[in-house]
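Enquirer: From first to last, the protein sequence lines are chains B and W. With the working numbering as the guide, the letters of the first sequence map in order to residues 2 to 448. With the working numbering as the guide, the letters of the second sequence map in order to residues 46 to 439.
The reader is advised that the hints may include incorrect statements.
Heads up, simulated DSBU-like pairs for lysine-lysine below, C-alpha to C-alpha not over 35 Å straight-line [what the hints assert, rightly or not]:
| no. | chain 1 | residue 1 | chain 2 | residue 2 |
| --- | --- | --- | --- | --- |
| 1 | B | 397 | W | 111 |
| 2 | W | 88 | B | 312 |
| 3 | W | 111 | B | 291 |
| 4 | W | 62 | B | 87 |
| 5 | W | 429 | B | 192 |
| 6 | W | 47 | B | 16 |
| 7 | W | 433 | B | 239 |
| 8 | W | 430 | B | 87 |
| 9 | B | 173 | B | 291 |
| 10 | B | 428 | W | 144 |
| 11 | B | 55 | B | 280 |
| 12 | B | 232 | W | 429 |
| 13 | W | 127 | W | 88 |
| 14 | W | 68 | B | 232 |
| 15 | B | 428 | W | 286 |
| 16 | B | 4 | W | 429 |
| 17 | W | 62 | B | 4 |
| 18 | W | 432 | B | 16 |
| 19 | W | 433 | B | 232 |
| 20 | W | 47 | B | 444 |
| 21 | W | 432 | B | 428 |
| 22 | B | 274 | W | 429 |
| 23 | B | 55 | B | 100 |
| 24 | B | 428 | W | 68 |
| 25 | B | 192 | W | 433 |
| 26 | W | 111 | B | 92 |
| 27 | B | 428 | W | 111 |
| 28 | W | 88 | B | 444 |
| 29 | B | 402 | W | 84 |
If you're looking for bench data, these hints aren't it; they were derived computationally from the structure.
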Amino acid sequence: MKKIQVNNTYDLNLKGAPSPELSNDVAVSNDYGLNLYRYNLKLRLLVKEGDSVKVGSPIAENKKDEAVKFLSPVSGTVKEIVFGEKRIISKVVIESDSKDSAIEFVKPSTAADLTSLSADDVASTLQSAGLWQGFVSYPFQAIPNSSERPVAIFVSLSNDEVHSVDASLLLKEYEQEFLLGLEVLKRLSAKVSVAKSNRTALPEAVSAVVTHEISGAYPANHPGVFLYHAKESVEENKSWAIDAQQVIRVGALYQTGQYPTQRVIVVAGELAKQPRHIKIKEGASLSFIKDEQIGNDPLRLVAGGLLSGDKLNTDDFLAANDYALNLVREGSEQEMFTFFRPGFDKATYGNTYLSALSNNENSMTTSLNGGERACISCGVCPNVCPVDLYPQVIMKSLYAKDIESAVSYGFLDCVQCGLCTHVCPSKIDMDAMFRESKDNLWKEVNR
Amino acid sequence: MKFLKDLFNEQEHKFEKGGALQKWYPLYEAFYSFLFSTKLTTKSKVHVRDSLDTKRYMSIVLLALKPVLAFGIFNAGYQAHKAVGLSLDFIPVMITGAKLVLPLVIVSYGVGLAIEFLSCIIRGHEVNEGFLVTGMLYPLTLPVTIPLWQAAVGIAFGVIVGKEVFGGSGRNFLNPALTARAFVFFTYPAQISGEVWTKLLGTKEQLVDGWSGATALAVAAASDSVATVEQNLLDAGYTVKDMFIGLVPGSIGETSVLFILMGAFILLVTGVGSWRTMLGCLAGAVSMNLVFNFFAGADTIGFLGLGPEWHLTMGGFAFATVFMATDPVSSPALPSSRLFYGFCIGVLGMIIRVANPAYPEGWMLAILLMNVFAPLIDHVVLQKKVKKRLPNVI
């Protein structure tokens, strides 16, 4: 097992961490759905309102790459299709008939059955079974093109973002599926690397397949950071990454032959009544969150991590790659003279508030905590960049629309962990800026 | 305080776009955000933000400057009283010092803030809190003898040319406080040549016997030979211990190494001041000093022979290193270039101080010169670092 030490990392220490038990007690409504706008793709609808669908029926496909499909997580009827601005397909709502009749994509197999499969067999199965988008292709962190095959696949088991699923819990529950899924990946690429955090304890069978051990705080175990520190050649820049739960889905597909819909997520955050891990079906309506919230404070529901997730509403649905639902207080009380206070209760990266003296869990809201200013070169952001970038320098290049310089400074190694934006005292949204520039560049390259 | 918050919130619509007073939004925003923390919330995928903002950042520097200012006030009064033989008790000295120093601080803040507000209204930007630091640093670099109007012209030049023409705090490439100081230095050499920097209370006849008022730098520069320079300094009343504590004539904030070290401690512990810059400056100054000592001989000027204990405590070295060179905006951006940047400042500052007869002190010019070179240092260091990466080819 190779060891990787990632410097420049930072763990947020926030209240509302999930308890390490897995519960099954969430009562969700009968409406399931897909928030298609979140994929940021041009999609073609394959169903109409009133159509009946099965688990695994294709709902939409990517217009530019029709093999990439988005499938129905339940059987039932298409209840409503909601369009957003510029006729973008926003949501597809499906009313479940609770029968869960499913399409079979592949014969239920064991590891022994896989040896005869070629990379193309696996690819076409994963594409038709809607699991292709579980892969992230670097450096653009996009869904890989259906005709591409990966140079190498990097699997990161632990997710160290604040309030996310505990990998040891997940892999204990789905050990068989994971190992089968990993065998499938090995059909797809000759080089599959698996990393775990030094803080994660794994079942023995899973430990045996781990190739790298990563030490460091968030985002040391981000698949992109793992790729950055483990890559050996320029070609590997274009590797793919996949997280543990997506590998489990691949395994589940081959084990049952059906589209896997079960997910483990955390419901966490300071406003969560009972922060915990739950089993839930993909596509579930998030209306159940209303019962999970403490009090009636203005709430921001974040699907995914607090530094990289999407803001959703309670009428949205759980996506196939969401791993957490964070309940965080929206806005903040306006305090007088914040900047003169000792600040025992202020969550902060550096030592500018006296909270630095204690290890207590902090509470954070969605407040910007300051006004937007020009960059003052304070030099904090390079201290939290896990891939050794100088975010402030890249930000200035991109501000001047000088994308070539930004790329030469390593801009495409950025994994969008959000830490530079989080710590910036000038409140510059580098994360959004980098995403936008990458998107534009990706569009240029893939025209 | 709720009524104050309500008052601000009720009036807000008038200052927003389309409101009757929209031109005055920067002024409104400045007062509102000075009093209360922001209402703004995050909009992107980074949902929580750190509690540190530029206001906190700048107020840490102000906090670090407080001991220096307090001692500066005391010392200004102390030197003035000592020159004419008045009481050296704490309270009368502080009162005299406050009378001498506070007007300078008020003028600096008043004139500078007026310009800051004006340019923010013209540009439609929010007011930057960076000026709160500039407005405090600038008077601390001045001697108490400077006429107030000259101080006012200086800070006006510093803020306009050093900062606002480039777009405000964060976009300037020169340290605005030093730009202001340099302007005063070159424009009014008669008042600021560094000969006598003690305020004379009363007439010359009242001066105590043997009082010259010459600063340590002036004494050292006037010494002809290496053999006599230390004795000359001791004769003029300068010991290393006195200069470390700071009860000597000089600019308001620069004299006390002890109190500046307190400020340095605050800056270093909070991480607001770059330890690399400070270390670089110290290393640069000491190594240049040793080079000078090596070349010092019977036929060289006396200044060459002074040891580091003298050079590091006299003049503006400590103040420049801790508060001026560490200004993040005009420093290079990369941590490793800051070390080199500091080192160059140390070397250059010593050369200007010792080898150049035209200027009594070198740090201001050394820092301004290195400010200009900062982007170049960054560029070179960055290219070196980039070569170590596996490039992304698209």
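Enquirer: State for each hint whether it applies.
Expert: Hint check:
{"no.": "1", "hint": "397(B) to 111(W)", "result": "34 Å, holds"}
{"no.": "2", "hint": "88(W) to 312(B)", "result": "9 Å, holds"}
{"no.": "3", "hint": "111(W) to 291(B)", "result": "50 Å, violated"}
{"no.": "4", "hint": "62(W) to 87(B)", "result": "27 Å, holds"}
{"no.": "5", "hint": "429(W) to 192(B)", "result": "31 Å, holds"}
{"no.": "6", "hint": "47(W) to 16(B)", "result": "28 Å, holds"}
{"no.": "7", "hint": "433(W) to 239(B)", "result": "18 Å, holds"}
{"no.": "8", "hint": "430(W) to 87(B)", "result": "44 Å, violated"}
{"no.": "9", "hint": "173(B) to 291(B)", "result": "30 Å, holds"}
{"no.": "10", "hint": "428(B) to 144(W)", "result": "40 Å, violated"}
{"no.": "11", "hint": "55(B) to 280(B)", "result": "21 Å, holds"}
{"no.": "12", "hint": "232(B) to 429(W)", "result": "20 Å, holds"}
{"no.": "13", "hint": "127(W) to 88(W)", "result": "61 Å, violated"}
{"no.": "14", "hint": "68(W) to 232(B)", "result": "54 Å, violated"}
{"no.": "15", "hint": "428(B) to 286(W)", "result": "45 Å, violated"}
{"no.": "16", "hint": "4(B) to 429(W)", "result": "27 Å, holds"}
{"no.": "17", "hint": "62(W) to 4(B)", "result": "56 Å, violated"}
{"no.": "18", "hint": "432(W) to 16(B)", "result": "42 Å, violated"}
{"no.": "19", "hint": "433(W) to 232(B)", "result": "13 Å, holds"}
{"no.": "20", "hint": "47(W) to 444(B)", "result": "50 Å, violated"}
{"no.": "21", "hint": "432(W) to 428(B)", "result": "30 Å, holds"}
{"no.": "22", "hint": "274(B) to 429(W)", "result": "52 Å, violated"}
{"no.": "23", "hint": "55(B) to 100(B)", "result": "9 Å, holds"}
{"no.": "24", "hint": "428(B) to 68(W)", "result": "24 Å, holds"}
{"no.": "25", "hint": "192(B) to 433(W)", "result": "24 Å, holds"}
{"no.": "26", "hint": "111(W) to 92(B)", "result": "58 Å, violated"}
{"no.": "27", "hint": "428(B) to 111(W)", "result": "27 Å, holds"}
{"no.": "28", "hint": "88(W) to 444(B)", "result": "24 Å, holds"}
{"no.": "29", "hint": "402(B) to 84(W)", "result": "31 Å, holds"}
Taken one by one, the earlier hints fail for this structure at numbers 3, 8, 10, 13, 14, 15, 17, 18, 20, 22 and 26, listed in ascending order.
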